[in-house]
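Same order as they appear, the protein sequences are chains A and B. Our numbering applies: residue 1 is where the first sequence begins, and numbers increase by one. Our numbering applies: residue 1001 is where the second sequence begins, and numbers increase by one.
Keep in mind that the hints were calculated from the coordinates and are not lab data. Built from N, CA and C at the ideal position, the CB exists for glycine as well. Check each hint, because a few of them may be wrong.
What the hints assert, rightly or not - Which stretches of chain B does chain A cover? Using the computed rule of at least three CB atoms under 8 angstroms from a CB of chain A, they are:
#, stretch
1, 1003-1012
2, 1077-1084
As the list claims (entries may be wrong) - Below, a list of computed lysine to aspartate or glutamate pairs in the DMTMM-like style, where the Cα atoms sit at most 20 angstroms apart:
#, chain 1, residue 1, chain 2, residue 2
3, A, 310, A, 274
4, B, 1038, A, 364
5, B, 1022, A, 256
6, B, 1038, A, 354
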Amino acid sequence: MEPDRNEGARAAEGAARQSYGKLIAFLAARTRDVAGAEDALSEAFAAALAEWPVRGVPRSPEAWLLTVARRRLVDAARRRQLDQAAAEHLGWLAELAADQDDAPVIPDRRLGLLFACAHPGIDHGVRAPLMLQLVLGFDAATIASAFLVAPATMAQRLTRAKTKIRQAGISFDVPEQAALHERLDAVLDAIYAAYTEGWSDPQGSDARRRNLADEAIWLGRLLASLLPNEGEALGVLSLMLHAHARREARRSASGEYVPLSEQDPARWDTRMIDEAEALLVQAGRCGTGGRYELEAAVQSAHAVRRRTGKADWAAIVQLYDALCALTGSPVAALNRAVALAETQGPAAGLAALDALTDDSRLAEYQPYWAARAELLTRTGAFDAALGAYHQAIGLERDPAVRRFLQQRAALCRAPTPAGS
Amino acid sequence: MEYMLLIYSDYSRFEAMSAAQKAEGLAAYGAYAEALQKSGAMRGGNRLRPVQSATTVRLKAGKSEVLNGPYAETREQLGGYFLIDVPDLDAALSWAARCPGASHGVVEVRPVWAMGQP
């Protein structure tokens, strides 16, 4: 009996991961009542956990879950007053049943669901959380931790967004070609936001955050598989894989932070880099030349260190030039300045950084102060470097990075600083 | 809005550190306080002496009762606080996460209930 129980639970977990978003998208596509679909689906999963270990896993777990969830939805609609809206609702649900009988394969409307989550009518900050919840089934508390928001606030924002989808009638359709590119950017941004929140896990040990980065890559793979001819969908996946390939190398054996320039390329994940490179080539064929493709190309220029022992800094400067022109992002300008210091020396890098000093968006951005401190150290301006390190240390979340910055700062205080 | 960041941590772990580690830890707090200051959010903050120095007072049935030690005997104790003024809870949480206390202990974020506010 015991192995069967485990198998049932495992099957339910597997179905949850593979099918959650697909079932939500299918159940809510017409009614747009995602909260209702979530409730029905969670009841279906609870039923599966009770039944599958005893009666065995059904031949098609997905179809089984859909049948149970749909029944729950119909019951819920009947329980409500039989007003006009409820009658319409029941009609749609009947259609849903017909759809399913005709087609044994549940149509995959997850792409439409992703577009609905990143709809311009949905508040910017809640798009990534909404995707994680509706496509992957994460609970509000887990998402709140990852995005550093109070759990009650996150739950409230998610509820508000779902209400908006239903009341405003936000469509689950994939936009027409003309609007697709514009709308796609929001989807890409949300997926990448989920990735960066997961990636910046302070201790390098928080399983939930690490998990989130993996889930964002999963979303990226889903998007790339659904839109194989969109350069930016391939670009964002390539970018995430490049960054992810260096994950292990970011910490030493004793848990100390290792900056990119000091990482041992032997500790990078070669298979992941190869996949990222292939995606980048594929993206290049689409001829979009968008933000994510350019950023992935930057990572690719870092990855050449595997073979040549040196990053291609000249290419990196050019790519950041293009990114600055394309996005006007202060972070791109900051990275360009750092790259410039490699090709033209620290003074040139500092001059480029000085041009950004008045940008208030960078005033509380740790990497700006860390970069400034590093370049000041290289030019021998140790007192100024110390001040910049101090600011970077005060703004840093990750204790390992904080220790690293403190060690660098200590070198500025020593009588003959190393690296000068 | 004003928020109090209450830092709870295990003081015995701090005591067990080497002098260099202690200095590094305190310097991190110094840098954090300075960053708060520069951002304009800082309203105040202090480190508290260890709980062995605490004295607790209450009136029970009109009689005063004075006890040695903290109110609650827990491994992690209130060790310091920052009072900050930021636009909303999200901003307060972001500063709380940067506080060194968040990595060696926990930081509780509490909105200040100003006098006279309902």
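To see whether the hints hold, each was checked on the structure:
no.	hint	result
1	1003-1012	violated (count 0)
2	1077-1084	violated (count 0)
3	310/A with 274/A	holds (18 angstroms)
4	1038/B with 364/A	holds (9 angstroms)
5	1022/B with 256/A	holds (18 angstroms)
6	1038/B with 354/A	holds (18 angstroms)
The structure is inconsistent with the numbered hints 1, 2, although it conforms to all the rest.
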